[in-house]
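Okay, here's what each chain looks like letter by letter:
Number of protein chains: 2
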Amino acid sequence: MANPDVVIIGAGILGLATAYHIKRMRPRDEVLVVDMLSGPGQGNTAKSAAMFRSFFSSKTNLTLADTSIEFYKHVQEEYNLDFKMRWVGYLFLLNENDYKRNKEILEEMDRRGLKYVVYDSDYLSKNLNLNTKVSEDEEARLMGLLDVDVGLFVPKAGSIDVDLVVKFYEREFLKLGGKAQYNTKVKRILIEPRNPLGIPGEPYVWQDARASGVETDKGVIKAGKVVVAAGAWVSSLLDPLGVDCHVKPKKRQIFSVKADKEELKKLLWCKAFNPEGCMPFIILPKPHIYIKPAVEEEAFWLGCADEFGRAFKLEDEPLPEENFYKYGIYQVVVKYFPQFEGCSPYSSWAGLYAINTIDEQPIVFEENDIIVVSGASGSGVMKADALGRIAAALYAEEEYAELYGGVKFKVSDLGIKERKVEPERLVL
Amino acid sequence: MANPDVVIIGAGILGLATAYHIKRMRPRDEVLVVDMLSGPGQGNTAKSAAMFRSFFSSKTNLTLADTSIEFYKHVQEEYNLDFKMRWVGYLFLLNENDYKRNKEILEEMDRRGLKYVVYDSDYLSKNLNLNTKVSEDEEARLMGLLDVDVGLFVPKAGSIDVDLVVKFYEREFLKLGGKAQYNTKVKRILIEPRNPLGIPGEPYVWQDARASGVETDKGVIKAGKVVVAAGAWVSSLLDPLGVDCHVKPKKRQIFSVKADKEELKKLLWCKAFNPEGCMPFIILPKPHIYIKPAVEEEAFWLGCADEFGRAFKLEDEPLPEENFYKYGIYQVVVKYFPQFEGCSPYSSWAGLYAINTIDEQPIVFEENDIIVVSGASGSGVMKADALGRIAAALYAEEEYAELYGGVKFKVSDLGIKERKVEPERLVL
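Those protein sequence lines, which keep their order, are chains A and B.
In this text, residue positions in the first sequence follow my numbering: the first is 36, and each later residue adds one.
In this text, residue positions in the second sequence follow my numbering: the first is 36, and each later residue adds one.
Chain A on its own, in the form it takes in the complex (with noise of 0.2 Å):
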């Protein structure tokens, strides 16, 4: 593919999701994807807690994750494919001021359509081996910890197997004439005039300019737009043209405890609240360590997203940190269950997330014709379809993109000029 009219950086879920959804579109034009990697989704896509949830109290966090989440369920259905989405839900256990002061939105949400389900400490620790009482242990209190009063249960909500998304959109996308190049990686972005007058070392500041291509370690790519959905690179390859994506990469880390103990065998499959036969999704009272059930695996996830103190910071390479669990998230663990005693974790992994500074919300924009498609901050696997979509919208100059189920969504909401994105209330 010589000049394709768009080449899109990043081989990710947003990258393959934005190309099929392009594709799909606008059957003529040339799309080629590039990724410095050796196939789809092989980097922060794959370092994933790969969770969804259909549980906000902002529309628009609602709506890119619902429209979302339901195209996976059809795909499944359409295709006769298995994402192996499984609905454990999601588990917030909650003091009870963090409770009174959500509960307001929580009636709303519920007056809304939005289901969950309220459980008392007894309920939980009943079913969970839950120490809720933490407040009673000194070295609990000492660290700050707080005690469990509610349990809040979203059921809409579960893992998904992301590798299995990105391969669906990548033979997709293939099957309708894209092209992907892997093992290429993106210099930089090219730009030239509009209106190009031969000059040497133009575009100079008199002159409209705009993207024309990527320089590759493979040779120049040029095209009509270049998408960026690199991810954690996003503003490695914006900044040096001085084009703010308002993103940046943060480090998270994954932790993976073996269920190789009877009480947590106990824990990992307890049938208290899903129909999938095994513990939800559970995050804990602040600092929200959470805990996934990777049933497949036979295992839990361990993680913690830290805010102050971790650094903004790109990395080719990001490593879990063994202190970070054993004096970070162990401690914490052990104090509400105490079945996690003496675990290490048989396996770790970091990846990047793209977090957008001004409000943890995706950002899709358009600037002298670079579409960029990133920031999800985290939720990029269960908002994905959306966000392909509507980048696919504003590649196709169309104000509204259709979401799956024939949601409308205006394009220009999840930019940055003329953004309108509802804040989210739920901080659970």
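Simulated from the structure, these hints should not be mistaken for laboratory data.
There is no bait here: all hints are sound.
Beta-carbon label-pair distances, calculated as ranges:
#, chain 1, residue 1, chain 2, residue 2, range
1, B, Lys220, A, Pro235, 35 to 41 Å
2, B, Gly254, A, Arg229, 51 to 57 Å
3, A, Lys348, B, Asn230, 24 to 30 Å
Which stretches of chain A does chain B cover? Using the computed rule of at least three CB atoms under 8 Å from a CB of chain B, they are:
#, stretch
4, 173-185
5, 226-236
6, 276-287
7, 333-342
8, 345-356
9, 392-406
For every residue, glycine included, the Cβ atom is placed at its ideal position computed from N, Cα and C.
Chain A is already provided as a structure; the job is to place chain B on it using the hints.
Below, chain B alone, put in the same frame as chain A:
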């Protein structure tokens, strides 16, 4: 000063204005300013075009600039100082379309008492020997240059000797008992738990953390609060902590051309606009190249804020680019002002703007005992006094800052979470 109450990073105009106002509001607090350079205002403050104007549609912009300018005027009288304020005025040279687009806003500003004068192209061409009809030149047309139909002259505007202002703030700050330590480079901001438990490697994720001082190349300085007024360096200090200040550095260049020809002298000493008896600060139509009368050196300063294509990039020694003048600025200037034919700069330099990429207005916020004052995006000099007062009010835990002349300003309006800045609608 072993453990000051507050350490301020940066002895530029924002750092020293903040230092002075903190010391004024809290005379008993120990305030220490550190800077990597050898004296006050030697970084990007010294590289500024040093212009000011009290003419904005945005109330935020106007209040910050106007109260600062009024304060500088007051200081000159009160302390019998001369900041070399020259009321040369700003003259925006506008194409008819630009003028029409702004007409309504200008009329509104007129009703608010903001003074300006509109000149027609005859007046401009006669008094400035300006070529208003550039479109008659084929090359200029090819370059996309626009005819000048209207001159919008703003009288409450001019130039100032920034170095004298910075030195004023430093002297008064030191008089009040403040301390400044130069040749001291901050390597990083230190963080520690609010309730230290003495565990190696703390703070951990379950601990509340705060900034506790700075590590410099001359040793550690512990402090109650850390004020970051480091201009272009702000993000390099805050990114490692995972705090986004929404400020990025961008190079700006100035080229100084001697008025060594008769026609250039005539232009420089043009009497038709201001009581200073020199030409005003002139801004050409898009791409908005400016020409400043640098009367002390009988020269013109030429510059241009290039956007798309100009990298966000931190450099210790940014250099002016010969081609930026030769093929960029010069080519445009000479079409409007043939007097500059053949002129080369006898001096040039480059500095870094601290650009707030959200709205190009300044940012003042506090997070975990770090106070950030930055992002003035090139208008730091003309807004410094107000910004110093707002940062000092934040330090003193006041809800409102009292700007010069008794104007109240809500501190959180310049913050990130409850930001409330009026967008600038006058875009010339």
